[in-house]
Amino acid sequence: MAAWVRLLIACLATALLAACGPREPVRIGFIATLTGRLSDLGEAGRNGAQIAVDEINAAGGIRGRPVELIVQDDAQSPEKAIEAINHLRQVGVELVIGPMTSSMAEVILPIAQKSGIVLISPTVTAHKFFGRDDNLFLIMPSAREDARSSARHHYQEEGARRVAIIYDTRNLAYSESWLREYLVPFQELGGEVVPVPFESGQDADADRIARQALASRPDAVVMITGAADTARLAQRVRELSPRPLLLGAAQWATTQRLIELGGSAVEGLVVHNYFDNSATGERFVRLQQQYRERFRRDIDFAGVTAYDATQVAVAVLGAHTSGKRLREILLAGGPFMGADGPIAFDANGDNGRRPYVMVVRDGRFQILR
Amino acid sequence: MDTLGPSTATNAWRLRTSLILLLVVATLVTYGVIGISVIAYRVPSILKEEQQHAQSEAIVLARYFEQLLNSLEGRVAALMAIDASMSPAQVQRLMDGVTGEGGFAAIYLADRQGRIEQVAVSEQYAVGRKSLVGGDLVRNPLFNLAIKLDRRVWSDRYFSPLTGEATIGFAIPFGKQVLVGEVAPDFASAILATATEDNSGPVLLIDRAGELVAGKHVSESDRLRNWAGDLKDALVGGESRLHEIRLDGKYYDVGLAQSEKLQWTFVLATPAGLGNTRVRLTIGLVVAGLLGSMLLGLVLAPLWATWMSGVVRDLIAQTRALTSGNFGGKVARGPIQEFNQLAADMESMAESVRQRQLELERSEERLLQSLQNVQQLNLLLEHRVELRTLDLARANRELSEAMEALKLAQGELVQSEKLASLGNLVGGVAHELNTPIGNALMAVTTMEDHVRGFGKQLAANVQRASLEAFVANVEQGSAIAVRNLQRANELIATFKQVAVDQTSVQRRRFELAEVIDEILLTLQPSLKRSTHRVVCQVPHRLGMDSYPGPLGQVITNLVSNALIHAFEGRTDGLITIAAEASGDDDIVLQISDNGAGIPATLIDRVFEPFVTSKLGRGGSGLGLHIVWNTVNGILGGSIAVSSTVGEGTSFRIVMPRVAPMPSAAE
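As they're listed, the protein sequences go chains A and B.
Reminder that position 208 of the first sequence reads as 194 in our numbering, one-by-one numbering, no gaps.
Position in the second sequence counted from 1, then plus 22, gives you our numbering.
Mixed in with the good hints, there may be bad ones.
As the list claims (entries may be wrong) - Incomplete in silico selection of chain A near chain B, CB under 10 Å: (1) ILE(-5); (2) ARG23; (3) SER25; (4) ALA45; (5) GLN58; (6) ASN72; (7) GLU143; (8) GLU185; (9) GLN198; (10) LEU247; (11) SER250; (12) ALA251; (13) GLY254; (14) ARG283.
Note that these hints are calculated values from the structure, not bench results.
For every residue, glycine included, the Cβ atom is placed at its ideal position computed from N, Cα and C.
This is chain A alone, in the form it adopts within the complex (with noise of 0.2 Å):
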């Protein structure tokens, strides 16, 4: 009798715990600056984070399980960005897209190195995250590379000899890494670079920060700022100034809200970036659409850096079985197929390219060579 009766219990029991979920999600993390006047670099990364999500999800997910974007907003602030990582750390994230910019990174990647999470950054470019060997993998090159092309461009083809550089003290990883970058090389050549310190902010003050960089009457003026800023301030720029003025950005700045923003102001914008919207690759051309149809505006570099991103990270976790660490497997396994070419990680985890020069021309980023 006894048997029977514990058998029975034993059913009733499977019975009442019959909920069977759905199979556990592989996790992976995404931090950006959300809201604010940088949102339009990590609400684009997200974009192309979840296009590819999506695509690796209706594909079959990573060996059966679906993959779940964790997003996170750093918010452009330290005490953000670090309760962004802790929280993805304790959800049990092992690896996350992300940050979109340097400043972010500097904030963050500490805290990954020591929690063992790795960080696949789509636009993460200042120069000081190269050549380390560290947690942090870089889908981009250095911003040495875009600074150097720029100042030998403005110099040799554009013929400026005296540029003003505004600059974001906001992002200074950034700016100042990049500002460096121009600056020796263009010194070299023989020119003169004004640098122009720029608090960015709502209650920036644009119109005297443009009058700032104009009072040395420069041939040039690059803003290192954000794309909402650069906007403003080509803007004011343009206003203020008498003649036609050559305009640069950084790569930073390269996302559609800079033409939205800008308008007319921003027509002419000469920036370096290493990405090509007129790309005729099959799959450049579906990502590309897709991006439209579900975010109906543009995708651009940061949309398709962080679906590139997001595809190294599925085939890195795809491929981690026990043992062996992420980071031993992308460093290692490559190159990985990015949206317009592959990927591969130099033994620092860097990626080494060469930039495009793009013009801004009838609201639309075009190869000017």
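Given chain A's structure and the hints, the job is docking chain B onto it.
Relative to the frame of chain A, chain B by itself:
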């Protein structure tokens, strides 16, 4: 009494335990089945209710939102009254008036090329206002859409040139100008909060691109993620096809509604499954009930079980008492029929056992009584037996004495018979000797006469003829004398032999035939006087190592017997003595006659002493007895008699060639 002693099967349960288990399991199963049915029926209906409620709430919310947006729109639309006749300052004042009412972060008045002519901002953004004037909206998607559609258009998530942040915008093209308004960034969330005060679940307001415009009780990562994928095809023809979303790891049922104006989706989420309070409550109640009933069962069951097993224990105790001989116990009656029946039966069984017991005791007593009687009788019997034994002993003694006397007498008789036979023998001997000696005497006497005669003759003249006659007489006379004396000598020798043999019990080797011959010689005289014959069929070479004397005695007696008894009135009697070897060790000696035979009445007793048919006429009655004794005794053999009246008698003796060694007593 708690211990019931060892049970017969080591894995049998106690009654109490099994009763408790039975009650608990019954409770559990019953409640479990009921509970599961309740849950299975109730929970889905609760969830359905909630979802439908959420659905209707979402619709209400969507409508409410639209109304609000309409009113906002209306306020800005009032600015359409602006025309070229107004001065910029007037226009500015009008615009500031609208923003001053609240709800707007900024209002732009731009020309159709997108150049911002005038900006009115709400107070908090006053600082940034300056930089906006002169800016252009030429690339602003909202602006472009409005120009393209040439009608009022609401944006999805819209990035304000002023704040750089996401908010909602709308554009109203009119005349040569376009009014673009930015709603205050917290507008949506504030509305959402107040509109859904009594709804405790998450609320999401999602734009066409899948971005969350505003949310309530939504985690940051859910807020920041794009919902376009989840909401794709969610609302088809007003019917919500989406049933479930996942927020912050938990599952929710949803009520969906779409705002027509904005094509935004309002999502009201109610916790699904166990997240739902009411569901939890229901399940909780059921489980609590289950546990409660189980607990209650666990409390009551032991009591009931104890009571029941108590009754059983009483019965068991009663049985125990019975087995140890107490019959008086009674078991209290309870409410259970079967147990009462059992108790009643137990008691009647006890009663009948008791009766049996009494009967047993009584018959025991009777038995004891009989035993005692028997004992007494026994004693009596023993006493009598003793007496009898004494008597018997005495009789025995007397008998033995008589026996002794008889034996003595027998001995004496045997002795006297022996003497008698010896006398006979002597007589026979004398008789036998008489003749030859007489003859010899006669012959010698005659000779003596002859001698005298001759002597006389001598005195006168003796003639040769008379001398010859004398010599012839003397010769004859001496021959007769010698012959007879030789004969007498022979006889004496034989008799000596026989006497030696007869009087001394000497053992020697002999030929049977010789001894028989010798015996017959001694019997000659008797035989001669009769006309009967003795035939001897005894082969030679029957060597024996035995006692010839007694053997001769036996043969003598048997032959004499035959002569005396067998041929009464007859003259042609024939006695046959035959002998043959029987095996290597024995000899069969048969002495038969063809006489009158021994009558059946006597034949069984012929060997007994003093049995004779001629008592008083010369038979002592001991002859055959002596024969029997001798054959069985010293000769070590056996004798048997067979006889047919009128035809004859035959004595058969079987004896060993080598007689047994005599015992000391012989």
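Results of checking the hints against the structure:
1. The beta carbon of ILE(-5) of chain A comes within 7 Å of a beta carbon in chain B, closer than 10 Å, and the hint placing it at the interface holds.
2. Hint on ARG23 of chain A holds. Least Cβ distance to chain B is approximately 4 Å, under the 10 Å limit.
3. Look at SER25 of chain A: its Cβ gets to within about 7 Å of chain B, closer than 10 Å, so that hint holds up.
4. At about 14 Å, the closest approach between the beta carbon of ALA45 of chain A and any beta carbon in chain B exceeds 10 Å, and the interface hint on this residue is violated.
5. Nearest Cβ of chain B to the Cβ of GLN58 of chain A: about 6 Å, under the 10 Å cut. The hint holds.
6. For the restraint placing ASN72 of chain A at the interface with chain B, the shortest Cβ-Cβ distance is roughly 13 Å, beyond the 10 Å limit, so the hint is violated.
7. With its C-beta approaching chain B no nearer than about 26 Å, GLU143 of chain A sits outside the 10 Å limit, and its interface hint is violated.
8. Taking 10 Å as the C-beta cut-off, the interface hint given for GLU185 of chain A is violated, the closest approach to chain B being about 13 Å.
9. Checking GLN198 of chain A against chain B by beta carbon gives a least distance of about 14 Å; that is not within 10 Å, so the hint is violated.
10. For LEU247 of chain A, the interface hint holds, since its Cβ comes within 10 Å of a Cβ in chain B; the closest pair sits about 5 Å apart.
11. Because the smallest distance between the Cβ of SER250 of chain A and any Cβ of chain B comes to about 5 Å, under 10 Å, the interface hint for this residue holds.
12. With a cut of 10 Å, the hint placing ALA251 of chain A at the interface with chain B holds, because the nearest CB-to-CB distance is about 7 Å.
13. Because the closest C-beta pair between GLY254 of chain A and chain B is about 14 Å apart, greater than 10 Å, the hint is violated.
14. With a least beta-carbon distance of about 7 Å to chain B, the hint placing ARG283 of chain A at the interface is held under the 10 Å criterion.
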